[in-house]
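2 protein chains.
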Amino acid sequence: MSGIRENLKLAKQAQVREEVLKSAAKLFAERGYRAVTVGDIAQDLGFTKSAIYYYFPNKEEILWAITEESYDVYIQLAAETLKKNLPPDEALAAIVHSHAMQVMTRREWTAIFFKDQMEISEKRQKLVRQRQREYAGMIEKVYRAGVEAKLFRDLPIPVVVNSIYGQCNWLYVWYRETGRISPDAVANYQVEILMSGFKA
Amino acid sequence: MSGIRENLKLAKQAQVREEVLKSAAKLFAERGYRAVTVGDIAQDLGFTKSAIYYYFPNKEEILWAITEESYDVYIQLAAETLKKNLPPDEALAAIVHSHAMQVMTRREWTAIFFKDQMEISEKRQKLVRQRQREYAGMIEKVYRAGVEAKLFRDLPIPVVVNSIYGQCNWLYVWYRETGRISPDAVANYQVEILMSGFKA
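Chains A and B, in that order, give the protein sequences.
Going left to right, the first sequence walks through residues 1 to 200 as this note's numbering numbers them.
Going left to right, the second sequence walks through residues 1 to 200 as this note's numbering numbers them.
It should be emphasised that the hints constitute simulated quantities derived from the structure, not laboratory data.
Source: prediction; values computed, not measured.
There may be inaccurate statements among the hints.
Copies of the same chain are indistinguishable here, so a pair counts whether it falls within one copy or spans any two.
Within a straight-line C-alpha distance of at most 30 Å, the following computed DSS-like cross-link-like pairs (lysine-lysine) qualify [unchecked claim]:
#1 12 x 22
#2 141 x 84
#3 59 x 123
#4 49 x 59
#5 26 x 123
Could you put together the complete structure from these sequences and hints?
Take a look at the structure:
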């Protein structure tokens, strides 16, 4: 019985932790990281400040958890695609599509990349660059396989990777779900434009 | 004689004003707009603070002058291309190329778009949006002519415009002139990728 109770408790804690991150991401995106206090996050959720401190010792840890989780999501999605052993053009199309979808459907999390990266400590910036290299490495692997298979032009890898980031991440700046084009349709357009550009 | 002297004086003033903007753009990009004082700009140029105040009543006016001049440059370059009455695909390629070049060769000015736009007053934000619409309208005009001429696919205009902005503006994030690829070569890659994507 105590095992079940323990599991329930952990599941509940994971859920609350996620709620804290979601609220913080929203508030950071709206007001800027510096302007938001742990008290604001507590108020937004109807929690006490000490309830937040149970999960995170300070605001920087919250920002860091948001950053880590963002990288986790992008890398995990790409890893799932790679596992399927698709032809390189289909694999890259799938990676671009899910990257674009993430930017559009998790706008607040994306905002933090654009605005609050400089608030992360130098030590952690190194971890960020490591995750960035990991993700870029996955794209590079697929692209090189595609060049090998004569599906893609032999473009410099930084141009390839950053054309994908540019088009997909820029969606954060302009795309609003209130518009007439669905996120899926927009993601498909980005895929089509980039894949035509990469085609051998 | 006094006419000549007056012209020389105005030319000198325009030059000094430009130096102030250049220094300010550099410092804003390095340290963030809020952290820079008019005194810092004066010090960077070896001027007195009152020399700066002769040109700009305050720091916000400097930021605004940088913003206006940036839009002027982009719009003027596109206008020069449009004047040539090139076929739409050549015209759009030229606009993309010069947009990409501007981002790469005036990195500090581009940084201000990314980081300091929220420091501009609401009244001036309206002017910014007007300039943005003007520039986007020029791209739209060329693209529609290209669709008409069956050179381009009939993509939604926001997708077209923002794919261009995404790829070109993202150069600010990643491109450094110290790398192995020249700005011109990178601009050409962006042109090729986008134009393949737009091709009918």
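Hints and how they fare:
1. 12 x 22: So residue 12 and residue 22 pass the 30 Å test inside one copy only (15 Å; across, 54 Å).
2. 141 x 84: For residue 141 and residue 84, only the intra-copy Cα distance (14 Å) is at most 30 Å; the inter-copy one is 43 Å.
3. 59 x 123: Answer is within: at 17 Å inside a copy they meet the 30 Å cutoff, but 33 Å across does not.
4. 49 x 59: This pair counts as within: shortest intra-copy Cα distance 11 Å, inter-copy 38 Å.
5. 26 x 123: both (25 Å within a copy, 26 Å between copies)
When held up to the earlier numbered hints, the structure conflicts with none and fits them all.
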